[in-house]
Structures are given as C-alpha cells and as structure tokens.
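S.K.: Protein chains in written order, with the working numbering: chain A, 4 to 538; chain B, 70 to 372; chain C, 60 to 187.
Just so you know, these hints were derived from the structure itself, not from any lab. For clarity, every value in this text was computed on a predicted model and none was experimentally measured. Here a beta-carbon is modelled for each residue, glycine too, at the ideal position from N, C-alpha and C. Do not take every clue at face value.
[Unchecked claim] In the DSS-like style, the derived pairs of lysine-lysine whose C-alpha atoms are separated by at most 30 Å in a straight line are:
1) Lys170/C / Lys294/B
2) Lys104/C / Lys81/C
3) Lys419/A / Lys128/B
[As the list claims (entries may be wrong)] What the simulated footprint calls covered on chain A by chain B, stretch by stretch (three residues with Cβ under 8 Å from a Cβ of chain B suffice, anywhere in the stretch; the number is not a length):
4) 240-247
5) 252-262
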Amino acid sequence: MNMAPFTALSWEIFGRNRSALLVSAAVAAALGIGINIAGWPGKASFLILASFSLLFSSTFGYVDLSPRNPRAGFPRHILVLPVSTWTLALVPILAGAAFLTAFVLLWLRFLMGIQLRLVEQSAIAVAIIAFSCWQQAMSWELIRLRLAKLAVLAVVSGLACLSLASVMSEDNLLLGRIGGVATLLAMMASGYFFAWIAVIRSRRGDAGEPGSPTKRLLTSWASNFGSPRMPELASGTAAQTWYEWRVFGRLAPVCMLFFCTLFLLMHVFHGVRSTPSAIEIGLVLFTFVMVSPLGGSSYAWKNPQVPRAMMTPFFAALPLDDVELAFAKLRMAARSHLLGVAIVLTTIVVIVLISDNNRQIESLWSNLRAQQGTPGASIAVLLLALFTTVATWTAGAFLMARSFYLAVADWKGRWKYFVGLFALLAAVGWLPLGREGMELLAAHALPIALALLAVALFFASLSLRDYGRTSPLAALHGVLAGFIAVTVVSPVLIWQLNLSAQHHWALTCFAIATVLCAMIPILRMPALIGMNRHR
Amino acid sequence: MNSDTTNIVDIRNLSRHFGNKAALRDVTLQIPRGKVFGVVGENGAGKTTLIKHILGLLKAKQGSVSVFGMDPAQQPRRVLSRIGYLSEQPDYPEWMTVTQFTTYMAAFYETWDRRYAAELLDMMNVDPAKKIGELSKGQQARVGLCVAQAHRPELLLLDEPSSGLDPVARNEILSAVIRTVSNEGRSVLLSSHLLDEVERVSDHLVFFGAGNLLLSEPMEAVLSKHHQISVRHAGQLAWQKVPGAFNAIHANGEWQVFGYGEMDASIHGLRGLGAEILEQRLLSLNEAFIARSQSRLPFSEAA
Amino acid sequence: MNLHLAQHSGVPPYLQIVTQIKQLIAAGRLDVDQELLPIRALAEKLLVNPNTVARAYRELEAAGWIYTRRGAGSFVAAGTTPLSTEKSRSQIRERVTSLLAEAEHMNVSTKDLINLIREIDTERTEGK
Numbered sequence: 004m005n006m007a008p009f010t011a012l013s014w015e016i017f018g019r020n021r022s023a024l025l026v027s028a029a030v031a032a033a034l035g036i037g038i039n040i041a042g043w044p045g046k047a048s049f050l051i052l053a054s055f056s057l058l059f060s061s062t063f064g065y066v067d068l069s070p071r072n073p074r075a076g077f078p079r080h081i082l083v084l085p086v087s088t089w090t091l092a093l094v095p096i097l098a099g100a101a102f103l104t105a106f107v108l109l110w111l112r113f114l115m116g117i118q119l120r121l122v123e124q125s126a127i128a129v130a131i132i133a134f135s136c137w138q139q140a141m142s143w144e145l146i147r148l149r150l151a152k153l154a155v156l157a158v159v160s161g162l163a164c165l166s167l168a169s170v171m172s173e174d175n176l177l178l179g180r181i182g183g184v185a186t187l188l189a190m191m192a193s194g195y196f197f198a199w200i201a202v203i204r205s206r207r208g209d210a211g212e213p214g215s216p217t218k219r220l221l222t223s224w225a226s227n228f229g230s231p232r233m234p235e236l237a238s239g240t241a242a243q244t245w246y247e248w249r250v251f252g253r254l255a256p257v258c259m260l261f262f263c264t265l266f267l268l269m270h271v272f273h274g275v276r277s278t279p280s281a282i283e284i285g286l287v288l289f290t291f292v293m294v295s296p297l298g299g300s301s302y303a304w305k306n307p308q309v310p311r312a313m314m315t316p317f318f319a320a321l322p323l324d325d326v327e328l329a330f331a332k333l334r335m336a337a338r339s340h341l342l343g344v345a346i347v348l349t350t351i352v353v354i355v356l357i358s359d360n361n362r363q364i365e366s367l368w369s370n371l372r373a374q375q376g377t378p379g380a381s382i383a384v385l386l387l388a389l390f391t392t393v394a395t396w397t398a399g400a401f402l403m404a405r406s407f408y409l410a411v412a413d414w415k416g417r418w419k420y421f422v423g424l425f426a427l428l429a430a431v432g433w434l435p436l437g438r439e440g441m442e443l444l445a446a447h448a449l450p451i452a453l454a455l456l457a458v459a460l461f462f463a464s465l466s467l468r469d470y471g472r473t474s475p476l477a478a479l480h481g482v483l484a485g486f487i488a489v490t491v492v493s494p495v496l497i498w499q500l501n502l503s504a505q506h507h508w509a510l511t512c513f514a515i516a517t518v519l520c521a522m523i524p525i526l527r528m529p530a531l532i533g534m535n536r537h538r
Numbered sequence: 070m071n072s073d074t075t076n077i078v079d080i081r082n083l084s085r086h087f088g089n090k091a092a093l094r095d096v097t098l099q100i101p102r103g104k105v106f107g108v109v110g111e112n113g114a115g116k117t118t119l120i121k122h123i124l125g126l127l128k129a130k131q132g133s134v135s136v137f138g139m140d141p142a143q144q145p146r147r148v149l150s151r152i153g154y155l156s157e158q159p160d161y162p163e164w165m166t167v168t169q170f171t172t173y174m175a176a177f178y179e180t181w182d183r184r185y186a187a188e189l190l191d192m193m194n195v196d197p198a199k200k201i202g203e204l205s206k207g208q209q210a211r212v213g214l215c216v217a218q219a220h221r222p223e224l225l226l227l228d229e230p231s232s233g234l235d236p237v238a239r240n241e242i243l244s245a246v247i248r249t250v251s252n253e254g255r256s257v258l259l260s261s262h263l264l265d266e267v268e269r270v271s272d273h274l275v276f277f278g279a280g281n282l283l284l285s286e287p288m289e290a291v292l293s294k295h296h297q298i299s300v301r302h303a304g305q306l307a308w309q310k311v312p313g314a315f316n317a318i319h320a321n322g323e324w325q326v327f328g329y330g331e332m333d334a335s336i337h338g339l340r341g342l343g344a345e346i347l348e349q350r351l352l353s354l355n356e357a358f359i360a361r362s363q364s365r366l367p368f369s370e371a372a
Numbered sequence: 060m061n062l063h064l065a066q067h068s069g070v071p072p073y074l075q076i077v078t079q080i081k082q083l084i085a086a087g088r089l090d091v092d093q094e095l096l097p098i099r100a101l102a103e104k105l106l107v108n109p110n111t112v113a114r115a116y117r118e119l120e121a122a123g124w125i126y127t128r129r130g131a132g133s134f135v136a137a138g139t140t141p142l143s144t145e146k147s148r149s150q151i152r153e154r155v156t157s158l159l160a161e162a163e164h165m166n167v168s169t170k171d172l173i174n175l176i177r178e179i180d181t182e183r184t185e186g187k
C-alpha cells in the first residue's frame, strides 16, 4: 500500500494549525499543572480536560473555511487528487483522533494520576475515533441543517460516554462490558461509513444539495417553523435589522429555549423536584450568562471558528451610513437579548412554582426583606433583574465590538486590547476583595503565576501568523473574552459581594461604572464598523 | 435628476500601497456624465482597487476621490444610493429567496422602481421563489444585475461582471450597460477582461498596468491609433527609434512593428531606417492589449 | 431593420452599420421615407455604444442617404444627391486603389485584374 498519500495528507492536516495546536496544548498543560499544585479537586482538572478536548476536536474538523463561503465542506482542492475516497475520509479522522487520544491519555495518566488498563485505554481511543468519525461526517456537509448536526453530535457523544462508562465500570452496569464495546465498534463503523459517503458526495459535487429526499423532508419540516413572512421594511436600517435578526439574532433565544426546556423537562424526574430550586435557578442564570454574548456578539459568519469579522464587499457597499449599520446590529442584539431574558424569567417563575424545595429562595427573600423592608426588597430584586439584563447585553455588544476591532487591529493594537482587558479583569476581580484578595494571592502564588503564564502565552500566540485562520486559539480566545466580559459586568457577582461585605454604595457605584466603561465599545461601534468598511 | 456638467467621479493623484506592493500609483481620472468607461488591465493591475476607492471600501490615503462631489468613505449612504454595483464574485445571502432579496434591497433605495425591477427579473427568466443559493452562477449574476439597475443609478459599476458567465448572461450585462448609458446623465464603469465587449460598448478606454494609468483615451482614438506595420529588413532593425513604436516581432527577415499614434509617421520612420513596407493595418483592442502587455518598453518611452 | 455586427472582421462597428444600411436601402428592403430605428433602440439591439450608432447615422446623413427630423427620428432619403455621388465615387476610388495594391503584391497584373472584373460582372448579370 502506498503510504505517500497518507503522509502527505497528515502533514497537511497538522500543518494547518501546527503552532496553534502546540501553544494550546502548552496552555492546557500549564493550567493543569497549576491546578495540581494548588491542590484543587480533580473535577476542575477534568473540566479543563473536557473543554480543551472539545476545542481540539473542533480544530481537526478538516474543512475549508473561507470568509466568502459561509458553507464549509471538505476542502475542494483535495478532492481532485488521485487518492482513493476511503483514504481521504480516513486520514483526517485518524489525525484528529490520534492527537486527541494522546492528549487525553497523557493528561489522565500524568496530571490526574489515573492509571488505566490497556483495555480501558483502547476503549477511550475507540470512543474518540468513533466521535471523530461522526464529527467529520457532520462537518463535511452530510447534513445541512445546523440544529440537526448538533442534535446528532449530542446523541453520538451521549452514546459514546454511555458505552465508555459501561466498559470501564467494574460491575457490568448499563450496557455491560461487551455491550459497551459492541456499541463503540458499531459507532465507529457507522461513523466512518457516513464520513466516507460525505466525501463521495463532495467528490461528486452534490454534497449538501437539495436533492435527497431526507434533505427535502428535513428542510420542509424546518421551514414550517421559520417560513417567515417578510415584515414591511420601511428603510435601509429596518431592512438591515431584519437581515441581522434572521442571520444572527435567532441563535441565542433558540439556545435558551432549548436549555430551559431541558431544565423544565428534568422535573419529570422526582429527584429533581426536591433539589433546591436555588441551584436550578443558578444553573439557568449561568447558562444565560454564557449564551447571551453569543447572540449579541455578531460574528460575521455563521461559523464561529472563523474569528475575524470581515465585512464582505456586498455589505460594505450597501447604501447605509456606518452609524446606521451599527445601529441595526445593536438593535438586533437588543431584541435578541430581550427575548432571551423573557424566556429566562418565564423559566425561573415556572421552576419556583413547580419546585418542592424553595427553602433557599425563601430565606434569601426574608433576609432581603429584613434588611430593606418589603418595598425596598422588591425594588432591589427588580433592579437586579434590570441590571443583569443590561449587563449581559453589554457583554454581548462588547464581544461584537471586539470582533470588529480585532479584524482591523495590527498586532500592536491587539496587544493594547488584551492588556486592557487583562487589567480590567484584574481590577474588577481582585480589588473588591481588598485585603482578603491579597492574602489569597499570596497563599497560591505559584499556581496563580502559572495561570498568568498560561494567559500570557495565550496572548502572545495571538501574534502568530496563522491567527487569522481557523485555530483553537481563536475559539479559546472567544470563550475567554466572553468569560471576562461577563465577569467584568456581572452584577450578580457584585451583588453577592454587596450582601456579604456590606459595602453597598461603593460597590454599587463600581458596578455601574464598570457597565458604563463597557459601553465604550458600543459607542465606538460606528467607528469600528467604519474601520472595517473603509480600509 | 441632477444634470449639471460636473464629473460624476473625480480622482486625483490617487496612490495606494498594500504592504510593499503599490496597487495604484498617482492615478488621475475623471468620469463625466453619459459615458461608458471601459477599464482594462492584467490581473493585479489595480482595477479592483480603483473601484473599491470609488465605492468607499478603501479610503484615499494619498490623493483624493470624489464621487457626486462627495467623499464616498465619509458619506456612504448618499453616494452609494446613487450607484449600482455588481462585484466580481457576488456574495449575496444564499438563504434569501429572490423575492426576499429584491424586497430587502428595495428598502435601501429611494429611487427603487418596483415595476421596473419586476420587468427586469421577468426578462431575465429567474424564478423568484427560488433561494439564491440554489441558483446557478449566471442566474445569480442576473439577479445582481437586476438589483443594480432597478433603482436607476447614475453610475453603474461593473467589476469583471462576465467572468465565468454563459453568453446569455453576458449579453444581459451588455444590455444593462447600453440601457443605462442611453439615459441622460448616467454613466457606466465597466472593468473587464473580455476586450471585445469593452470595445463594443465603451466610449472611453482606461488601461491599467502595475498600478499605473497607462492610457486614458476615447475608444475611437485607441482603435484608430494602434497599428501594426509589417516590413522587410535584413539584420537588426532599430524600431525603437520609430515614433510611437512600442513593440516588434521578428521572424525570417520580416518585422512586425506595433505602434501607437499616426500611422504615416511610423511608416515614414521605418522607411528612414531602410525597411521595405509590406503591409499596414489597425489593431483590434484585443491585439493592442496583448501587444502592449508583451512590450518590454516602459510606457513613457513609447508615448 | 435586420442588422448584425461581425465581431472580428477588422471593420469598425460604425462602418459596418453604415455599409449595411446602405445595402438595405439599395436592395429596397428599406423604403424611401421609412423611419429607421431610433439610435437608442438600435444600440440596445446590436449591443453597441449609442455613440457608435449616432456616428453611423451622422455619416449616412452627411452622405445624403438619410435625413433627420428633429424630435421625429431618422428617415431614408429619396434618390441620390450630386454630393452623394461624389462621395460614393471617392469611396470606390479608395477601394480600387487598395485592390490594385493588393493585386500588385500578389503578382496579378492590372490587365488580368480588368479581365477578372469583366468576368465577374458577366456572371452577376447572368445570375440576375
């Protein structure tokens, strides 16, 4: 068998993001080592392992991402090479799986100290390969609808975890050892089969074409939901708001609807109903806080792996002023956000109503009433709700401004931005804790230093040549920026500190000041859009 | 409609660099009303950069750009609402149907004529219920052309519109050009590689080479001044001394000398060098372009 | 008016239009006082710049083949004026000059050329 195509393809796949991959792995390692030294529980380490694994698996999605084509598929130039289809399908899968398996196994062994038998290690490898097969099949346009893709991947991951748990468990639980292995192998085979079909269809040029009956069925079913009648578009700004809403605005509310429905559905299980509703509400809010920047942050492409918000000539040449374009985007973001808030509020109310355990909520409420009297407490809660809404929307808009800024900033500009962001995080994160904060710092100097090193490495890597291309760093950066943005403006954090440290006015003012500062990028939005549009 | 005699586009001393590469060097160009300007040049010669400056997609860093008397980067809405633009690689939203797209675009232009738009779409045979992503490249170009004309723009800007299109679509584009310029006070800027088409419809030719504006002349002049003279001359021929000559090919004692300017002057010059005139003829735009591109003489000497 | 433009004939478009209109008139396919297509319509039909059509119409008018009435359009003129005969003669003269040069270049003597002309003329009259 001729190994040359294998090596050539593998070289290309790894070469795409070589430096970014290495740096990301280094960042992950630094974080992992830091956590170990700090003595934090294994769950934190596992969380980091899981997130980075997801990141890497998405990097190895071997697709052509070009700003001009929001629809990504198997790289076209590879399709015409004289390589057999099964090789073309196999190599990216193996490459990604190999890297991931190595990463996971090494992490488990050296950073979490878990010794695994060969059988279990192989099971993990097979599970990863199975997942990669399915993931590649999805990313190679076997199914066009993104929701369907996500659903399939969710099911596949669930099955993989289930099978893995069955294999690793001592007591032949769940599917049983043999059942687990069988499921994994079946998943691997079927996943590879679909990936192979996806490549064939790409080769024949009809990947994602509206020809197959399945596709027609799915699209007609989907269009039943979204067959939108066009509203009256009175002006260019209205038209552009409509456009932004259709392309970006529906994402966040749909995500929230999905998650909230999930939360509510879990109440079917009796056990859930008796857990404190405060925890559930906390989870809902946390999800919202993580998801809402997605809606507000208007990545220019549906594919969030492409980090740069580029303005295509079509939109740049629309007869709209920069202010009007900015306004349209922000208006859409606001609309999208408010819809998300409505969903969240409804969910919270329903949870409180149907939960059997509202003790913590009740005690919080009585505490508040004791402090401020009933009218004062009600006002406080209302203010909190208002503040959360505004702050999370600001975080989203901040991310939008960021994506436009980074698209035009040279490396000096990027450094300025990151240093500023970092300083803001440091100021808001540590200063309110005052002396306690300093003591905390001193106690965990080494892990914090490592964490800082990881972050510094991360920032340094953003000057890399291939930052502009799809890169795990870019995705990581998005997540980090979102997290920072939300932390910076999250009044929940401040309010909690308020209640416990009892420095009401100072911290309230500080929170307001932070939100106002975060509005600077929003006010700068027309200028940022102008910079993108008129280079 | 505004019918004063100032130029629609006024570009003065425009230069632009991308990194080390000079995309435009000291370009000065005016486009008056009611003319078709054909812009030709090799890939990378600066045509698209020029068009982007007119649209305000690039700011004029050196020199000035004025469209309808305004800076397009400063007042995008007022300038762009009077321009119809068809880009080289149209990137229309693929999820919209044709009807949705035309309704969406209609909202931006005050002068949008719904009936005219419907007429154009009908002429171009496009199914309005289809999504843009499902259309072929030629059909997408037709939709784009319809949208570019439906608001009756004062300036129609076509950037390599015919690349990769079938002959029917190409004909539609030429029709659009003629229709636009037939109306009083409207102009067209057509950048294309298809020199036959440029030759047919243009009033004025602009020739770019490596960022320089090599030639800016009425089409008639370009066609009547580019000539080729075949002569017989043994040994080396110092054709560079002939006024207007910019290129020459030599085979078997016969020379073909390409020149720009008065044919009689070239003939006289060649006779003076002792060459025997065999044949003389005017060049088509295609032949002139190729002869110029192959010329190793810098333009300033050949002028 | 059924005109067409040949792409790579080496003849400028306006001249092709002029020649073809003349031929149409001479062949009787365009009657006297019949209106020609307006400049804009002909330009759109032939996919050529309106100025080209305008130039062709100007030349035809100068040569007396057509006349223009302001606001009404262009129409085929009746008969030929002495001016047009002179113009026609000078055009034919040019043609003959280049024909003779070509014949010389190809080593065909003037005598052979005249015989050839007579031969072809006979064929044409017999064919009619």
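S.K.: Between the region 252-262 of chain A and chain B, are there enough contacts, at least three residues with CB-CB distance under 8 Å, for the coverage claim to hold?
M.R.: violated (count 0)
S.K.: For the region 240-247 of chain A, count the residues whose Cβ lies under 8 Å from any Cβ of chain B; is that count three or more?
M.R.: Holds, because 4 residues of the region 240-247 of chain A bring their Cβ atoms closer than 8 Å to Cβ atoms of chain B.
S.K.: Are Lys170/C and Lys294/B close enough, with their CA atoms no more than 30 Å apart?
M.R.: violated, 36 Å
S.K.: Holds or violated: Lys419/A and Lys128/B, Cα atoms, limit 30 Å.
M.R.: Given pair Lys419/A, Lys128/B holds - Cα atoms ~24 Å apart, limit 30 Å.
S.K.: CA of Lys104/C to CA of Lys81/C, is that 30 Å or under?
M.R.: holds, 18 Å
When held up to the earlier numbered hints, the structure conflicts with 1, 5 and fits the remainder.
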